[in-house]
Structure formats: structure tokens, C-alpha cells
Amino acid sequence: MFKFLTPQNRSLLWQLVITDFKLRYQGSLLGYLWSLLKPLLLFGVLYGVFTYVLPLGKDVPHYGTYLLLGVVLWSFFVEATSMGMNSIVGRADMVRKVKVSKVAIVVASTLSASVNLLLNLIIVLFFMAITKVDIQPTVAFFPIILIELVALAMAMSFFLSALYVKYRDIAPIWEVVLQVLFYATPIIYPLTKVTSPYLRQLIMLSPLAQILQDSREMLITPVTITSHEILPLWLSIGLPAVIVVGLVVAAALFFRKSSKTFAENL
Amino acid sequence: MADKKIVIEVKNVGKTFRLPHERASTLKQAFLTLHKRRYESFNVLRDVSFDIKQGEFFGILGRNGSGKSTLLKLLADIYAPTHGKIQVNGTLTPFIELGVGFNAELTGRENVFLNGAILGLTQKEIKQKYNEIVAFAELERFMDQKLKNYSSGMQVRLAFAIAIQAHNSILLIDEVLAVGDESFQDKCLKVFSQIKKDGQKTVVFVSHDMASVQRFCDRAVVIHDGNLVYEGKPANAVLEYRKLNFPETVLDASGKKRQPVRARLTDENGRHKSLFSTGDKAIMHVEWDPDERIKNVGVAIFKDDDYYMFGSNTIGDEVKVKGNKLEHKFEINFGGGHYYTRIGFFGETGNDKVHFINDGPMFSVNNPVAWQGASFVKHSWRNV
Numbered sequence: 001m002f003k004f005l006t007p008q009n010r011s012l013l014w015q016l017v018i019t020d021f022k023l024r025y026q027g028s029l030l031g032y033l034w035s036l037l038k039p040l041l042l043f044g045v046l047y048g049v050f051t052y053v054l055p056l057g058k059d060v061p062h063y064g065t066y067l068l069l070g071v072v073l074w075s076f077f078v079e080a081t082s083m084g085m086n087s088i089v090g091r092a093d094m095v096r097k098v099k100v101s102k103v104a105i106v107v108a109s110t111l112s113a114s115v116n117l118l119l120n121l122i123i124v125l126f127f128m129a130i131t132k133v134d135i136q137p138t139v140a141f142f143p144i145i146l147i148e149l150v151a152l153a154m155a156m157s158f159f160l161s162a163l164y165v166k167y168r169d170i171a172p173i174w175e176v177v178l179q180v181l182f183y184a185t186p187i188i189y190p191l192t193k194v195t196s197p198y199l200r201q202l203i204m205l206s207p208l209a210q211i212l213q214d215s216r217e218m219l220i221t222p223v224t225i226t227s228h229e230i231l232p233l234w235l236s237i238g239l240p241a242v243i244v245v246g247l248v249v250a251a252a253l254f255f256r257k258s259s260k261t262f263a264e265n266l
Numbered sequence: 001m002a003d004k005k006i007v008i009e010v011k012n013v014g015k016t017f018r019l020p021h022e023r024a025s026t027l028k029q030a031f032l033t034l035h036k037r038r039y040e041s042f043n044v045l046r047d048v049s050f051d052i053k054q055g056e057f058f059g060i061l062g063r064n065g066s067g068k069s070t071l072l073k074l075l076a077d078i079y080a081p082t083h084g085k086i087q088v089n090g091t092l093t094p095f096i097e098l099g100v101g102f103n104a105e106l107t108g109r110e111n112v113f114l115n116g117a118i119l120g121l122t123q124k125e126i127k128q129k130y131n132e133i134v135a136f137a138e139l140e141r142f143m144d145q146k147l148k149n150y151s152s153g154m155q156v157r158l159a160f161a162i163a164i165q166a167h168n169s170i171l172l173i174d175e176v177l178a179v180g181d182e183s184f185q186d187k188c189l190k191v192f193s194q195i196k197k198d199g200q201k202t203v204v205f206v207s208h209d210m211a212s213v214q215r216f217c218d219r220a221v222v223i224h225d226g227n228l229v230y231e232g233k234p235a236n237a238v239l240e241y242r243k244l245n246f247p248e249t250v251l252d253a254s255g256k257k258r259q260p261v262r263a264r265l266t267d268e269n270g271r272h273k274s275l276f277s278t279g280d281k282a283i284m285h286v287e288w289d290p291d292e293r294i295k296n297v298g299v300a301i302f303k304d305d306d307y308y309m310f311g312s313n314t315i316g317d318e319v320k321v322k323g324n325k326l327e328h329k330f331e332i333n334f335g336g337g338h339y340y341t342r343i344g345f346f347g348e349t350g351n352d353k354v355h356f357i358n359d360g361p362m363f364s365v366n367n368p369v370a371w372q373g374a375s376f377v378k379h380s381w382r383n384v
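In order, the protein sequence lines correspond to chains A and B. Using my numbering, the first residue of the first sequence is number 1, and each one after it goes up by one. Using my numbering, the first residue of the second sequence is number 1, and each one after it goes up by one.
I should point out that these hints are in silico values taken from the structure, not numbers from a laboratory. Mixed in with the good hints, there may be bad ones.
Claimed, not checked - Derived SDA-like pairs (lysine to any residue); straight-line CA-CA distance at most 20 Å:
| id | chain 1 | residue 1 | chain 2 | residue 2 |
| --- | --- | --- | --- | --- |
| 1 | B | Lys-190 | B | Arg-342 |
| 2 | B | Lys-322 | B | Ser-312 |
| 3 | B | Lys-146 | A | Leu-29 |
| 4 | B | Lys-197 | B | Asp-186 |
| 5 | B | Lys-353 | B | Phe-330 |
| 6 | B | Lys-11 | B | Gly-90 |
| 7 | B | Lys-281 | B | Phe-330 |
| 8 | A | Lys-166 | B | Ile-78 |
| 9 | B | Lys-129 | A | Pro-7 |
| 10 | A | Lys-97 | B | Asp-317 |
| 11 | A | Lys-22 | B | Asn-149 |
| 12 | B | Lys-127 | A | Pro-7 |
| 13 | A | Lys-257 | B | Lys-85 |
| 14 | A | Lys-38 | A | Lys-257 |
| 15 | A | Lys-260 | B | Val-88 |
To be verified - Pulled from the structure, derived: some chain B residues nowhere near chain A, Cβ distances all over 10 Å:
| id | residue |
| --- | --- |
| 16 | Ala-76 |
| 17 | Tyr-79 |
| 18 | Phe-113 |
| 19 | Leu-121 |
| 20 | Glu-138 |
| 21 | Tyr-150 |
| 22 | Asp-218 |
| 23 | Arg-242 |
| 24 | Glu-292 |
| 25 | Leu-326 |
Claimed, not checked - Which residues of chain B face chain A? A partial, calculated answer using Cβ under 7 Å:
| id | residue |
| --- | --- |
| 26 | Ile-96 |
| 27 | Glu-97 |
| 28 | Leu-114 |
| 29 | Gln-123 |
| 30 | Glu-327 |
| 31 | Gly-347 |
| 32 | Gly-373 |
| 33 | Val-377 |
No residue lacks a Cβ here, since even glycine has one placed at the ideal position from N, Cα and C.
Start from the sequences and build out the full structure, keeping to the hints where you can.
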């Protein structure tokens with residue numbers, strides 16, 4: 001990892017990220033605003049539906065902001081993994097024709113998505129301010145959760161990008177997996193609506209659910225159910241740590257092995 | 001030279017591509033064929049070894065498909081060798097393809113920074129060299145325009161300028177001289193001459209242009225069918241390369257086993273020739289062991305990128321094949337570049353092939369001065 005951060009690779013990362021940023025909304029009228037508008041619009045739809053049509057969140061204080069934070073974090077995961085999956089295949093000419101750090105290409109895609117995440121979090125802060133959310137002291141731990149989320153997305157990107165070089169059906173498969181995860185993660189529904197305690201525990205085993213619920217507790221309201229409330233403490237801290245660290249290590253090894261033949265297989 | 005340190009060490013390198021009979025690009029195929037997956041192993045390179053010393057101009061000669069491009073990609077560390085080891089001491093710029101990562105929607109300036117980073121320059125280095133790059137490319141006025149508004153010649157100039165400024169100690173060059181207009185080619189040649197004079201950089205030059213290999217290189221190897229068949233002086237390498245690719249002429253001289261069909265290319269006076277200028281007349285001498293089946297002989301000329309330039313046959317031209325020797329005289333109306341030929345021997349129809357030479361005599365055409373393009377068209381001007 002430290003070998004990776006040479007000045008050359010840092011400069012490559014920087015160029016890839018800013019190029020992506022410049023090109024992302026090339027030719028669109030609103031430009032970068034779309035980065036902010038997209039999750040806001042999704043949030044608007046979900047908020048309308050789950051406040052008026054199917055009032056799931058009426059017991060949750062600040063349900064709007066609560067929902068927005070969930071949508072923003074989830075959108076990041078979707079965007080980062082989708083961009084990550086496509087990163088190597090999308091830059092096939094580069095991989096085939098020059099010696100270039102393939103790790104940097106994948107990391108750059110995660111960083112691009114992370115830039116968007118930070119912009120979106122500013123919107124969340126803005127909503128927190130106007131809905132007068134009481135800032136919790138636990139907010140100090142939020143950066144750790146963010147790092148966990150980015151690490152998780154990056155690990156998945158390494159797996160997906162390497163597999164995508166060989167098997168193009170990873171794309172539809174991952175789309176379906178994301179759909180399943182969307183409903184298996186308490187994004188739109190508060191966990192209190194899940195009545196079975198076993199199901200709650202099962203849901204909270206997923207690091208994504210843990211990340212979402214911890215973020216909400218830290219930023220918005222202590223009234224949310226987090227993994228350390230319903231799981232044994234060793235499990236609630238140990239499991240996400242093991243899963244995320246394990247995924248990162250496995251992804252790094254897998255990527256290093258398969259990246260040797262990228263140039264031939266693309 | 002002996003005391004110079006070795007910058008590239010190639011040791012028993014082999015490269016095998018495993019090509020599945022039916023490439024599994026979906027999971028279903030991968031599962032279905034899991035047990036009976038058959039690969040065709042294709043040895044592109046076999047047991048190749050050589051050293052390149054610091055400051056050398058090193059030529060690699062070989063036909064299309066001989067494995068020279070694979071060797072170059074192995075040297076550039078784009079491919080990993082299947083066998084053996086390649087040790088590179090120094091930083092290396094590949095000129096395999098120029099302008100990798102160029103984006104039409106970015107400005108010239110932005111592309112310089114992006115492409116520079118891809119070639120391994122740091123942000124700081126690009127900033128320092130930016131003015132030099134722009135000046136070399138002669139694009140001062142265009143740097144804030146989007147690349148899509150550049151002509152292809154301008155793009156090549158910019159790409160070459162960045163690559164040459166990468167100032168790495170080893171340059172890998174894959175026939176980039178074939179691009180760009182005349183004046184830019186001159187400029188590139190000057191740069192190479194300068195590099196050669198300085199003697200600091202090591203240059204690996206991959207080509208099938210025998211003239212430039214002889215002009216620039218200190219040492220050369222010949223790659224043929226994945227094997228290194230010669231290593232030594234460029235002049236000898238060129239001879240060796242000719243022998244391999246115009247085997248007919250050699251077979252005549254040494255009296256080795258004759259092939260059933262033979263062809264050689266000469267000028268109008270019957271002297272062996274492989275470098276022509278546009279407008280020159282050439283004669284393809286075709287000879288075959290007497291065979292009653294052969295009623296029709298055709299010669300086709302291809303450019304080295306496999307573009308079919310011209311082809312004709314005796315039946316089409318209403319010529320009756322009488323003996324077992326033919327002279328096919330033609331005028332070279334092509335633009336500058338490298339060409340190869342294919343020669344077919346048929347019965348009455350075009351489908352009943354008797355013999356076919358896929359790698360007939362090759363020739364090169366000098367870059368024309370007065371006109372541009374792939375072929376010469378008779379033309380005139382008139383003041384009115």
C-alpha cells in the first residue's frame with residue numbers, strides 16, 4: 001500500500017479524479033448540480049411516499065433528514081461500486097497500451113464517488129441545520145464510519161472490476177444484488193418496523209445496515225436501533241471489522257493476482 | 001560498450017497466450033464448459049534472451065505477427081512473461097501508441113496533464129515541462145481549445161511532444177515515425193539523432209523498416225515466428241531479415257530444398273529491389289514447378305496494416321498462362337509505407353486454389369514529397 005503511493009501514482013490518481021469530475025456532466029445545463037440534485041430527487045420521492053402514502057417514519061424524530069442521510073450513503077455505495085466495476089474495462093486502452101497502475105484506476109473511481117459523497121453530506125448538514133437536529137457528541141466518531149463505508153465500497157470495486165474484465169454478466173448480477181441489498185438494508189423503513197427480533201439481528205449483521213444505523217445515531221437521533229443495541233457488543237464491533245478488513249485484504253490479493261492478465265484479457 | 005551497465009536484461013522469456021476455443025465471456029458459458037474447457041496454446045515467443053546496455057540504440061526487426069509487438073509489450077511491463085524474466089533498470093517510456101487516455105472533450109492543456117500522468121510524470125514535472133511540450137508540438141495558440149477541434153496531425157504532435165518530454169532513461173519506440181506529416185517526421189528524426197548523439201538514453205526501436213534500423217541502431221535482433229533468430233550488427237540483421245522474408249532468393253543461391261512456388265521482386269532491369277519511390281516500375285517474377293492444374297495466377301498487394309491496396313490476376317486481364325514462369329510488371333502508385341504481397345495459383349475458377357503464398361516479397365515506398373495520401377492520382381493544374 002505504501003509502495004503504491006508514489007508521487008507518480010498520486011499524480012495519476014489526481015488527474016483521473018479531476019478528469020472524471022470534469023467529464024461527468026459534460027454538455028449538461030446544470031452540470032455539477034446534478035450530483036446534488038439526483039439524491040435530493042430520490043429523497044423527495046421516497047419522503048413523499050413514506051410520509052403520506054405509507055407513513056413508515058412517523059415515530060422517528062427528524063424522519064426526513066434520517067431518510068436523506070440513508071439515501072445519500074446508499075447512493076454512494078451504488079455509485080462507487082458501479083463506477084468501480086466499470087473502471088478497468090472503461091479504461092481498456094490505457095491498460096492495454098501503457099504500463100499504468102491498475103490499482104490507481106480503481107482507487108480513482110472510488111475517490112470520484114467519495115467527492116460526490118462529501119458534497120451530498122453538505123446537503124445533509126444543511127437539512128440538519130434547518131430541521132434543528134440536536135448535534136450529538138458521538139458525531140466525532142462519524143469519520144470512522146465514513147472510512148468504513150469507503151473501504152467497503154473500494155473492496156467491492158476491486159472484486160467487481162477484476163471479475164468484469166473476464167465476465168461481462170457481472171453487471172446485471174450486481175444490479176440485482178444491489179436491489180436485494182436496498183431492501184435488506186433499513187434505508188427507507190426504520191428498523192423499529194421490523195417486529196421479529198431475530199430478523200432485526202439478521203439485518204444488522206450486514207455492515208451496510210450497521211453503517212447506516214450508526215451514522216443516523218451519531219448525526220441525527222439516538223432513538224434509532226443500532227447494532228450494538230441488539231447484538232452482543234463483541235459481535236457488533238467485531239463483525240463489521242472482520243468483514244470489512246477481510247474483504248479489503250481478500251480484494252487486494254484477488255486483484256493483484258488477476259491484474260497481471262488484464263492487458264491480455266481486455 | 002562493454003563497460004556500460006545493462007539496463008534491460010531479457011532471460012529465456014517465453015509468452016504463451018491461452019486462447020479458449022470458444023471464449024467464455026459470460027458466466028453461463030464458463031460454467032457449461034467448466035469440465036471440458038479446451039484451450040489452444042499459442043506460443044508467441046519462445047526462449048528469447050538478450051541484454052541491452054545503457055545508451056544503446058537497439059533494433060528489433062520482425063514481420064507483422066512475428067512476436068515483436070508482444071516482446072515490446074513484455075519489455076514495457078504491460079504483459080507478464082509466461083516463462084523467464086525481464087529485468088529493467090531505469091524508467092521507461094513506451095511509444096507503443098501515442099496519446100493514450102486523450103479525451104476529445106478536454107482542452108489540449110488538460111490532456112497534457114492527463115496523458116503526462118498516465119506516462120508516469122508527476123504533477124510538478126508536467127508543470128515544469130509544459131512550455132517545452134507546447135513549443136515542440138507547435139500548438140501554442142490551441143492549448144485552450146478542446147481536443148476534438150484538433151486535426152489528427154495536431155493530436156499526434158501533441159502526443160509525441162508529451163512522450164518525448166517524459167525524459168525517461170529508456171524509450172520503447174514502435175514505428176511511430178510512420179505518423180504525422182513530413183515536416184513533423186523530420187523533427188522526430190532530428191530528436192532521435194540528438195538522442196543518439198547524447199548517448200544518455202537507451203532506445204529500443206521496433207520496426208520492419210530496414211532503412212531506419214540500419215541508420216539508427218547500434219545492434220539489432222531479428223524475431224521470426226516467436227524465436228530470436230539473429231542478434232548482432234544491424235546490417236547483418238537486415239540481411240537475415242531479408243533472407244527470412246524473401247526466402248525464394250536465398251533458396252536459389254544456396255540450392256536448398258526448393259519450394260513448389262517462388263516469387264521475387266525486382267526493378268525494371270531485373271535487379272533485386274525492395275525500396276521504391278512512387279512512379280517506379282517493379283517486376284514480380286513468379287515461378288512454379290510445372291503443374292497442369294495452374295491456369296490462373298494472381299498477385300495482391302497489401303499495406304502493412306493489412307489494407308488491400310490492389311490485386312489482379314491473369315484471367316481477369318485475359319492473359320493465358322502458358323509455361324511455369326511469369327513476369328508481372330506494375331507501376332508503384334502508392335504513398336509512403338510498407339507493403340507485402342500475396343500470390344495465388346489457381347485453376348480455371350477463383351476457388352480451386354493450388355498454391356498460395358501468404359507472405360510474398362515485401363517492399364517499402366519512400367514518403368512522397370510533392371503530394372499526400374495513400375495512392376497517386378494523375379492530376380494537373382491550370383491557371384484560368
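Each hint tested on the structure:
no.: 1; hint: B:Lys-190 / B:Arg-342; in the structure: 36 Å, violated
no.: 2; hint: B:Lys-322 / B:Ser-312; in the structure: 18 Å, holds
no.: 3; hint: B:Lys-146 / A:Leu-29; in the structure: 18 Å, holds
no.: 4; hint: B:Lys-197 / B:Asp-186; in the structure: 16 Å, holds
no.: 5; hint: B:Lys-353 / B:Phe-330; in the structure: 24 Å, violated
no.: 6; hint: B:Lys-11 / B:Gly-90; in the structure: 17 Å, holds
no.: 7; hint: B:Lys-281 / B:Phe-330; in the structure: 6 Å, holds
no.: 8; hint: A:Lys-166 / B:Ile-78; in the structure: 17 Å, holds
no.: 9; hint: B:Lys-129 / A:Pro-7; in the structure: 16 Å, holds
no.: 10; hint: A:Lys-97 / B:Asp-317; in the structure: 45 Å, violated
no.: 11; hint: A:Lys-22 / B:Asn-149; in the structure: 18 Å, holds
no.: 12; hint: B:Lys-127 / A:Pro-7; in the structure: 14 Å, holds
no.: 13; hint: A:Lys-257 / B:Lys-85; in the structure: 18 Å, holds
no.: 14; hint: A:Lys-38 / A:Lys-257; in the structure: 37 Å, violated
no.: 15; hint: A:Lys-260 / B:Val-88; in the structure: 17 Å, holds
no.: 16; hint: Ala-76; in the structure: 5 Å, violated
no.: 17; hint: Tyr-79; in the structure: 6 Å, violated
no.: 18; hint: Phe-113; in the structure: 6 Å, violated
no.: 19; hint: Leu-121; in the structure: 7 Å, violated
no.: 20; hint: Glu-138; in the structure: 24 Å, holds
no.: 21; hint: Tyr-150; in the structure: 17 Å, holds
no.: 22; hint: Asp-218; in the structure: 25 Å, holds
no.: 23; hint: Arg-242; in the structure: 30 Å, holds
no.: 24; hint: Glu-292; in the structure: 48 Å, holds
no.: 25; hint: Leu-326; in the structure: 43 Å, holds
no.: 26; hint: Ile-96; in the structure: 6 Å, holds
no.: 27; hint: Glu-97; in the structure: 5 Å, holds
no.: 28; hint: Leu-114; in the structure: 5 Å, holds
no.: 29; hint: Gln-123; in the structure: 4 Å, holds
no.: 30; hint: Glu-327; in the structure: 44 Å, violated
no.: 31; hint: Gly-347; in the structure: 42 Å, violated
no.: 32; hint: Gly-373; in the structure: 27 Å, violated
no.: 33; hint: Val-377; in the structure: 34 Å, violated
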